[in-house]
Amino acid sequence: MVCPVHREVLRLRYADYAARVSEHHLIRVEAFLTPTGRRPVMAVANISLSTPELLVQVPGKAVVWESVSAHISFANPLPVPLRGGVFTVEGAGLLPATQVQVKDSVAPGQKLSVTLPFSPMRTGVRRLLVDFDSDRLKDVKGVTTVVVHKQPPQMASRD
Numbered sequence: 001m002v003c004p005v006h007r008e009v010l011r012l013r014y015a016d017y018a019a020r021v022s023e024h025h026l027i028r029v030e031a032f033l034t035p036t037g038r039r040p041v042m043a044v045a046n047i048s049l050s051t052p053e054l055l056v057q058v059p060g061k062a063v064v065w066e067s068v069s070a071h072i073s074f075a076n077p078l079p080v081p082l083r084g085g086v087f088t089v090e091g092a093g094l095l096p097a098t099q100v101q102v103k104d105s106v107a108p109g110q111k112l113s114v115t116l117p118f119s120p121m122r123t124g125v126r127r128l129l130v131d132f133d134s135d136r137l138k139d140v141k142g143v144t145t146v147v148v149h150k151q152p153p154q155m156a157s158r159d
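Be aware that the sequence shown starts at 1, since it is given in full-length UniProt numbering, and climbs by one per residue.
Please keep in mind that the hints were generated in silico from the structure rather than gathered at the bench. Given the structure is predicted, the values throughout are model-derived calculations rather than measurements. Backbone N, C-alpha and C fix where the C-beta goes; we use that ideal spot for every residue, glycine too. You may find that some hints are simply not true.
Said to hold, decoys possible - Restraint ranges, calculated between C-beta atoms of paired labels, are given here:
#1 Ala-43 with Val-147: 44 to 52 Å
#2 Gly-60 with Ala-19: 26 to 34 Å
#3 Ala-43 with Lys-150: 31 to 39 Å
#4 Asn-46 with Lys-103: 35 to 43 Å
Stated by the list, open to error - Calculated pairs, SDA-like style, for lysine to any residue (alpha carbon to alpha carbon, straight line, at most 20 Å):
#5 Lys-111 with Pro-52
#6 Lys-138 with Lys-61
#7 Lys-141 with Thr-115
#8 Lys-61 with Leu-129
#9 Lys-150 with Pro-59
#10 Lys-61 with Arg-122
#11 Lys-103 with Arg-122
#12 Lys-111 with Leu-137
#13 Lys-61 with Gln-154
#14 Lys-103 with Arg-83
#15 Lys-61 with Val-86
#16 Lys-103 with Val-86
#17 Lys-138 with Pro-59
#18 Lys-111 with Gln-154
#19 Lys-61 with Thr-115
The whole structure should be built from the sequences, with the hints applied where relevant.
Right, here's the structure in full:
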């Protein structure tokens, strides 16, 4: 005898799972069912939460030892404010690990933008890595590739 399949939709609000999210952005859901006249059944599912996008851009031409700026933007996807936000920016040959503190809380849906000037120290293809952490959201990552060019040769002045 084949039993008909019955599906239920489980809607979780942030308030329902906020305190239960693992450091790997997972929620483990366990369901226990006791069908009439049958043995109990248990089902387990790991739900992977998507992390928000952190956009990193370095517009213009990057030249070794000349200042260029990284533009970093992020929008709070949660229905609660984020507090204690910090961006950690680093890139081999670009800049040492640098932290940029977010002074105010970030409201739900609010877009946060930061501009960070730096002077690349080495030429070549480099990767600029950005990590955002706050009280409610951790390990939001963004990356961009930066091509750092040599300084053009200096023109000799004629006297």
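Against the structure, the hints:
Between Ala-43 and Val-147 the beta carbon distance is about 50 Å. The supplied range of 44 to 52 Å therefore holds. Roughly 44 Å separates the CB atoms of Gly-60 and Ala-19, a value that falls outside the hinted 26 to 34 Å. One distance hint, 31 to 39 Å for the beta-carbon pair Ala-43 and Lys-150, is violated here, with the actual separation near 60 Å. Checked against the hint of 35 to 43 Å, the pair Asn-46 and Lys-103 passes, with Cβ atoms roughly 36 Å apart.
Annotation: proposed proximity of Lys-111 to Pro-52 holds, straight-line Cα distance about 12 Å (limit 20 Å). At roughly 31 Å between alpha-carbon atoms, Lys-138 and Lys-61 are farther apart than 20 Å, so this suggested pair is violated. About 16 Å separates the Cα atoms of Lys-141 and Thr-115, which keeps this hinted pair within 20 Å; it holds. The suggested pairing of Lys-61 with Leu-129 holds, with an alpha-carbon distance near 18 Å, which does not exceed 20 Å.
Between Lys-150 and Pro-59 the alpha-carbon distance is near 17 Å, which keeps this suggested pair within the 20 Å criterion. Restraint check for Lys-61 and Arg-122: satisfied, since their Cα atoms lie roughly 14 Å apart, inside the 20 Å limit. Restraint check for Lys-103 and Arg-122: not satisfied, since their Cα atoms lie roughly 32 Å apart, outside the 20 Å limit. At most 20 Å may separate the alpha-carbon atoms for a hinted pair to count; Lys-111 and Leu-137 meet this at roughly 15 Å.
Restraint check: the Cα-Cα separation between Lys-61 and Gln-154 comes to about 18 Å, which is no more than 20 Å; the hinted pair holds. The straight-line distance between the Cα atoms of Lys-103 and Arg-83 is roughly 9 Å, inside the 20 Å bound, and the hint therefore holds. Restraint check for Lys-61 and Val-86: not satisfied, since their Cα atoms lie roughly 27 Å apart, outside the 20 Å limit. Taking the CA atoms of Lys-103 and Val-86, the gap is about 9 Å. The hint holds against a cut of 20 Å.
For the given pair, Lys-138 sits about 27 Å from Pro-59 by alpha-carbon distance, which is inconsistent with the 20 Å threshold. Among the hinted pairs, Lys-111 with Gln-154 is inconsistent with the structure: their alpha-carbon atoms are about 42 Å apart, more than 20 Å. Note on Lys-61 and Thr-115: the hinted pairing holds, with a Cα-Cα distance of about 16 Å set against a maximum of 20 Å.
Checked against the numbered hints given earlier, the structure breaks hints 2, 3, 6, 11, 15, 17, 18 and satisfies all the rest.
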